[in-house]
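Enquirer: Using the sequences plus the hints, can you model the full thing?
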Amino acid sequence: MAMEMRLPVARKPLSERLGRDTKKHLVVPGDTITTDTGFMRGHGTYMGEEKLIASVAGSVERVNKLICVKALKTRYIGEVGDIVVGRITERRRSAEDELAMRGFLQEGDLISAEVQAVFSDGAVSLHTRSLKYGKLGQGVLVQVSPSLVRRQKTHLHDLPCGASVILGNNGFIWIYPTPEHKEEEAGGFIANLEPVSLADREVISRLRNCIISLVTQRMMLYDTSILYCYEASLPHQIKDILKPEIMEEIVMETRQRLLEQEG
Amino acid sequence: PVIPATSEAEEDLRVDGRGCEDYRCVEVETDVVSNTSGSARVKLGHTDILVGVKAEMGTPKLEKPNEGYLEFFVDCSASATPEFEGRGGDDLGTEIANTLYRIFNNKSSVDLKTLCISPREHCWVLYVDVLLLECGGNLFDAISIAVKAALFNTRIPRVRVLEDEEGSKDIELSDDPYDCIRLSVENVPCIVTLCKIGCRHVVDATLQEEACSLASLLVSVTSKGVVTCMRKVGKGSLDPESIFEMMETGKRVGKVLHASLQSVLHKEESLGPKRQKVGFLG
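Protein chains in written order, with our numbering: chain U, 1 to 263; chain W, 1 to 282.
Just so you know, these hints were derived from the structure itself, not from any lab.
None of the hints are false.
Sample of chain W residues lacking proximity to chain U, with all beta carbon distances greater than 10 angstroms (derived): (1) 59; (2) 71; (3) 85; (4) 162; (5) 180; (6) 186; (7) 215.
As a list, the in silico EDC-like pairs of lysine to aspartate or glutamate whose alpha-carbon atoms are at most 20 angstroms apart: (8) 24/U x 61/U; (9) 12/U x 245/U; (10) 251/W x 4/U; (11) 239/U x 210/W; (12) 243/U x 134/W; (13) 61/W x 111/W; (14) 239/U x 12/W; (15) 12/U x 27/W; (16) 239/U x 27/W; (17) 113/W x 179/W; (18) 277/W x 245/U; (19) 224/W x 4/U.
Sample of chain W residues facing chain U (criterion: CB under 7 angstroms; computed from the structure): (20) 17; (21) 25; (22) 26; (23) 29; (24) 256; (25) 278.
All C-beta atoms in this analysis are idealised placements derived from N, C-alpha and C, irrespective of residue type, glycine included.
Expert: Written out as structure tokens, the structure is:
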């Protein structure tokens, strides 16, 4: 058994550790951003008493004359074409629905779907019309803030380490063992409930911990960042990844590798 | 999902990579609240507990005239989880307080005679206030660790009873603010919660693991491995063999827990006032 108790250590702010020269301008709702009225208002701000005030908690971003506040935590706002992962809690009750769908998808099922349409009140309608989507079987769910899921061409990834992920735009990340045959996609309406092998489970647990590390350090989630983080974590035991100092080390390495790749 | 958690516990690999008997990383800090006689803060994963102990003078109970006593109060703060909004946390708070009363309800946990000032007239009452700041699973273990650490940190002022010629008594407080008595927390028990998932049991369950578990056993263990009390929670059933196994695991894990806590508390004390306190803004 493992048991570690320690005294808390004050953590240095991220900007100091990365050696950034300019600190981010952080605001909370109600803070004055600027009294200069020459700027255009962007998201997360409003005008009041001759000054620009923040309406969300986040960091101020300035592009020429446009000032907006990028919120740290956001609610998910659906867009057509987004992929979401979720659990069915309630469904439309109509006669045709009862006859057709109940056999396939029921309340309590975990599914992946695509956003078909967005209504004016913010509600979205989903479809699972492709074999890519549908009921999800064995796997692990990680819930993160939607703002950390980067928009990409595709959100279903088969990672080379042996597992696959679905990066839901709503912040729900689903990690599952890569199906052996290509025909048995993650979707369909029959959930594969066979037990998962220990090797696969280790990969999935490691990925899960890596994703949590990236999220704790406010890094964007996409296939490359997750993969680099996974590779950086290999020297450590899976359960150690969540220790504060190891998490920082792994994410720092990931950050550097991503910068090298871009630059 | 329920099914993966079951098979994971069976092969000693949980979702976060831990084994069935592994705890998450624990952070302990004492002396965090300045106007208390003793305080401690414990962070276990996402569970965050703050305990404050205040020593006040009171009258001994009728049936125990030579002893002081402890009073427990648990506050489930609404910021811990949305379920605690309004009066939602009251039931859980009462349940936890009652459990604390039970585990301390024996002669050896705390030597209550040291809390006596003058028999039948004056004694120290220790009001132990537990505040749940954040709820991330495994509340009982974290709270019991915090209570033990806070009691270790508690400093009770030394008093003398002066009796004059007419027989009236006066209580004199020592002039030196550092002249205090401390409690021995050697026999203070800690709770180890064992959650049954599938055929096996795990310690230190996260919120998701607790949701998958139908029955749990709370074992109160001292540093020597003595079980002071046990309690079963949950709607499911446990067969006697499981209970025995879980109790043995609880004793084994409990001894290691106490040893780790002891070493952290002594390390903190040895660093003395030079240590930079982290407190709430670290």
